[in-house]
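All chains, please: the whole structure from these sequences, using the hints.
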Amino acid sequence: MPVVDVDPDELRELTGHDEKSDDDLRADLFDLGIEFEGWSEDDEMQLEFAPDRLDRLSVEGIARSLRYHYGDDRGVYVPSTNSPEWTLVAEQTPEERPYITGAVVRGLDFDEDSLESLIQIQEKLHATMGRQRAKGAIGVHDLTMLKGEAGRDSTGKSIRYTAVDPDEETFVPLDSDEEMTPREVTERHHMGADYAGLVADMDRYPAIYDEIGLFSFPPVINGRRTEVSEDSRDLLIEMTGTDQWTIDHMCNILCYSLSARGAQIERVTVEYAEDAPGEHAGRTLDRPDFSTKTKTVSHERIESIVGVGFDEETVIDFAERSGLDAERTEIGDDELAYEVEIPPYRVDVLHPLDVIDDIGRAYGFNALEPEYPDVSTVGGRHERSRLEDAARDALVGLGFEDLLNFHMINEEENFERLGIEPGDDVVGGGRPVTIAQPYSEAYTILRTWALPSLMMVLENNTHRAYPQHLAEIGLAAELDESENTGIAEHRTVGAVLAEAEVSYEDARARLQALAGAFGKGLETPPTEHPAFIPGRTAVVVLDGETAGMIGEVHPEVIVEHDLEVPVAAFELRLDALR
Amino acid sequence: MKLPRAQVAVLKTADANEYRAITDVATEADLQSETATGAAFALAEEGLVTVTEETDESITLTEEGEQYVAEGLPERRLYDAALAAGADDDPVDLGTLIGDAGLDGDAVDIALANFARKGYGTVDSGEVAADPDAGSKPDAERVALEAISEGEGVADALAAVLGDDSQTDAEGVLDQLERRGLGDRTESTIRRVQLTDDAVTALMEGVEAAEEVDQLTPDMLTSGEWRDAEFAEYNVEAEAEEITPGTEHVLRQTANRVKDVLVGMGFQEMQGPHADAQFWINDCLFMPQDHPARTHWDQFALSEPDQIDDLPDDVVERVRKAHLEGVGEDGEGYHSPWELDVAKSLDLRGHTTSLSARYLSGYQEGELDPPERYFSVEKVYRNDTLDPTHLLEFFQIEGWVMAEDLSVRDLMGTFTEFYEQFGIEDIEFKPHYNPYTEPSFELFGTHPETGELVEVGNSGIFRQEMLDPLGVNVDVMAWGLSLERLLMLMYGFEDIRDVHGTLCDLQLLRDVEVVY
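These protein sequence lines map, in sequence, to chains A and B. Take the first sequence: its letters are residues 1 to 578, numbered as in our numbering. Take the second sequence: its letters are residues 1 to 516, numbered as in our numbering.
It should be emphasised that the hints constitute simulated quantities derived from the structure, not laboratory data. One thing to keep in mind: the hints can contain errors.
Unchecked claim - Simulated restraints on C-beta separations:
| no. | chain 1 | residue 1 | chain 2 | residue 2 | range |
| --- | --- | --- | --- | --- | --- |
| 1 | A | Ala-127 | B | Asp-495 | 28 to 36 Å |
| 2 | B | Val-454 | A | Glu-523 | 19 to 27 Å |
| 3 | A | Asp-424 | B | His-447 | 45 to 53 Å |
| 4 | B | Asp-313 | A | Glu-35 | 54 to 62 Å |
| 5 | B | Gly-471 | A | Asp-424 | 42 to 50 Å |
| 6 | B | Asp-495 | A | Glu-35 | 25 to 33 Å |
| 7 | A | Gln-437 | B | Pro-370 | 36 to 44 Å |
| 8 | A | Glu-421 | B | Val-454 | 43 to 51 Å |
As the list claims (entries may be wrong) - Simulated crosslink set (DSBU-like; lysine-lysine; CA at most 30 Å straight-line):
| no. | chain 1 | residue 1 | chain 2 | residue 2 |
| --- | --- | --- | --- | --- |
| 9 | A | Lys-157 | A | Lys-147 |
| 10 | B | Lys-12 | B | Lys-2 |
| 11 | B | Lys-321 | B | Lys-344 |
| 12 | A | Lys-293 | B | Lys-12 |
| 13 | B | Lys-430 | A | Lys-20 |
| 14 | A | Lys-293 | B | Lys-321 |
Glycine included, C-beta positions come from ideal geometry on N, C-alpha and C.
This is the structure in structure tokens:
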């Protein structure tokens, strides 16, 4: 979940509520679903919230939400914008990253805090909507350091988004004094190298030019020439990415934040060349696009979801207190509904239900009286789960301590330490389901049988009193092409008897009792298995069907697990008891 | 008078004129000492004997102590060697003296430490100076060691060798021996027994032993012999041998309790694959394929096998469309790529909502006919860091209700009812965000013991973008909760690894108290 660092003094200033104490702010933020996680080293509040309201990724965004919450602001707010002077031309752009958007922002008066806030919101947008810059990357530049190329109409100024040979062009990147090629930046610039992976597969790298030359290498790094400082008053924002909607909305969120700092937003013209890749070839866009959208929300649906009755004025009031505008309308046969207008910074509203959630939050969900639903159904257990429980009860009655082990294990524990190999035609020898990027070397496959887990428990409990009669009913799995998932999953019944004097017969006696409890005829014809002592190993046959095996565990396996007592064991498929 | 055999034996062996130790009585009467003690107390109850108790302290030598009896104390050997080398006049090299005294290993350190303590002299810069007067008397510790070895009284021996005033210090010498690990002191209770006048009278009148029986046998029952038998008394207060009963694992017990509660509330149980297509795990839940949650949750992807063979085409197409275009007249989709290959790739399920998706689609058990309630208590897998409260595998309690016009209040009422069954009251609902529910709520409950507010689950009403593609046209509200979290609340476990998995501690599992 996103966390933003917010200076409470700034929050008081931006909301216009000097009288709020830190505790007041924390309580008010909690009401919005924003949780105080602690104080940062710089005495800022660390605020965490769910990743839907990305418009709250800055102190300005959080202040806006609070002002609505306090009732200081109502309804949709759209800042005014000036007509475009600058043009962003997209020409021979890289196919992997075809889109660009942007804005010009004028009249900023940065101080240390507001500049830091600008940096933070960029980072947060990159981490969330921008998917670590893969989907959208932001570049913010000092406008006075840019010299526009002559626009297509002679009055305008333009910059050009294009693709370059990674070795042919040079520029001085941020945090460096050295002229480097884009490839050199990805290879040895301390910040550039972090994002090298995003361009690694590209033949030609993304680049943005003005009249003077290359000044930005998205999504990796900006040039030093246009670096923003506290003295910067006018900015050019450009965003490139793989999806126009995403970068347009990242731009909206950023522009709303800067506007809240008193800046004037000036639109830009985005001009895609006729042969530009992507879906906008030959089109001209006016950005940022602050147009609102509407959702039609049924009154009855609001009432049925929240579970209480509302009158029309209340719904409209709650919408306005959420920063939305609602207007009465009708759908179908005179059914009361609302046209709800959504501001351009809201990226989370996909469906009318999302508006209902806003209205519910404005009403206060915690004010609702819980009510047990008047719906009658018949409950019951699944057959497999009843069978499993019956078998477990029988084992417990036979004196076994029921265990619960992990289904994940590694090859060494599952195979090697039991003396078998994947693909062996013995119990446990199935080919294992393998995990692609395991977190831990201890858990790399799904177990093919339960005996290895039980042996591990014995191994870890040699200091505990014997006898240790352990049993487990749990999942085992192996590759099986005849299954839809390619995996045969089954429940296996594993049992071990470990104590100073124990033999095959002790295991056979318990297995007999288990089989008998389920009305199964038991036969145990001799067999061989590397994990068991030859001559003391048998197949478990229930009602004529092979179900598993039983035997005395081989001393080699016992010693391998650092045990000093003999172990007798059996393992069978749960479904054989059916 | 008829008495049990052991009591008769004690009565006949004890004396009317002096107190005799019960251990001596037992030896003479050929009884176990515990049996004789038991008999003596029984006789005392009858007023036939009086029993006295006193505490006796004895000391035995350790191996090291025995060794010093034979070889002498190391510090004294060093002192003797020093005197022999003339160290009472001029300091002598320590190394030489150690050789002369035949000391090695730990004995060197022991010698040096005690040499200084006893004022035998000083050791400075590797040279030893000895005080000729210090050794004029025998060493008290040595005297005590020898006395213990010979079975003589330490205080008496000290008095004999060192003069009367040393007697008072015997306790100090013994403490010192114990500190040095040369002797072990133990305390024991000595009981003595003496006959009362009543006993003397009884003995004169004649006392005989009743027929005593150790074990009731089938023979005795059938023959009727038991009628004349006197049953030997057992020490019924003594602890018996420990046995380990068969027990159901505590987490299973908790799972079963949850299942009982849910079945009682009208829920049917679901089941389905642990390894499943991301389609059922994520795509059906309206999670965009590039959503950070798909990596944040760090689900285990499989390398072998890596794809499901087959998905229901119609459901796939509707899910794809919901992701790209949204659902409903003014619904919107995600601005994220959607690939069938990603949907078909296999993961270990990160939540059992994959089962809910399978059931809701009708793919698992056929079309559902609302109203319905379903649940599962099954394992889920997350590629996370193992720590006391997080496992790579844990159980998720999943539940949902499918009916017309469900509201947030119904959701709240269901959870309030469910959690009350586990003593967790005052459930609080915090509005939250999930890609697949709207509205969504995190559930917090008050810990019954600590009063702490803890997160107990996550819930919501499934989004249209999830339900429409699955062919569901009524409301479905759902929730998920970690079973282990509930277990820790109910039993107060602090480290879940002690309970679940191959690192489990059998003793801990054996010691778990029953909760019902």
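Pair hint Lys-321/B and Lys-344/B, alpha-carbon separation not exceeding 30 Å: 16 Å, holds
field: Glu-35/A and Asp-495/B - C-beta distance against the hinted 25 to 33 Å
entry: With a Cβ separation near 26 Å, Asp-495/B and Glu-35/A satisfy 25 to 33 Å, so the hint holds.
- request: Indicate whether the distance between the beta carbons of Glu-421/A and Val-454/B respects the range 43 to 51 Å.
  value: Given a distance of about 46 Å, which is inside 43 to 51 Å, the answer is holds.
- prompt: Measuring from beta carbon to beta carbon, are Gln-437/A and Pro-370/B in 36 to 44 Å?
  reply: 40 Å, holds
task: With a cut-off of 30 Å on the C-alpha distance, tell me whether Lys-157/A and Lys-147/A pass.
output: 8 Å, holds
- prompt: Under the criterion that the straight-line Cα-Cα distance not exceed 30 Å, is the pair Lys-293/A, Lys-321/B satisfied?
  reply: 21 Å, holds
message: Assuming the hint says 19 to 27 Å, is it satisfied by the Cβ distance from Val-454/B to Glu-523/A or not?
response: 53 Å, violated
message: Hint check: Lys-430/B vs Lys-20/A, CA-CA at most 30 Å. Holds or violated?
response: 23 Å, holds
message: Given the hinted pair Lys-12/B and Lys-2/B, is their Cα-Cα distance within 30 Å?
response: Cα-Cα ~13 Å, so holds.
query: Do Asp-313/B and Glu-35/A keep their Cβ atoms within the hinted range of 54 to 62 Å?
result: 43 Å Cβ-Cβ, so the 54 to 62 Å window is violated.
- request: Note whether the CB distance of Gly-471/B and Asp-424/A lies within 42 to 50 Å or breaks it.
  value: 45 Å, holds
task: Given the hint that Lys-293/A pairs with Lys-12/B, test it: the Cα-Cα distance must not exceed 30 Å.
output: 110 Å, violated
Comparing the model with each earlier hint shows violations of hints 2, 4, 12; every other hint is respected.
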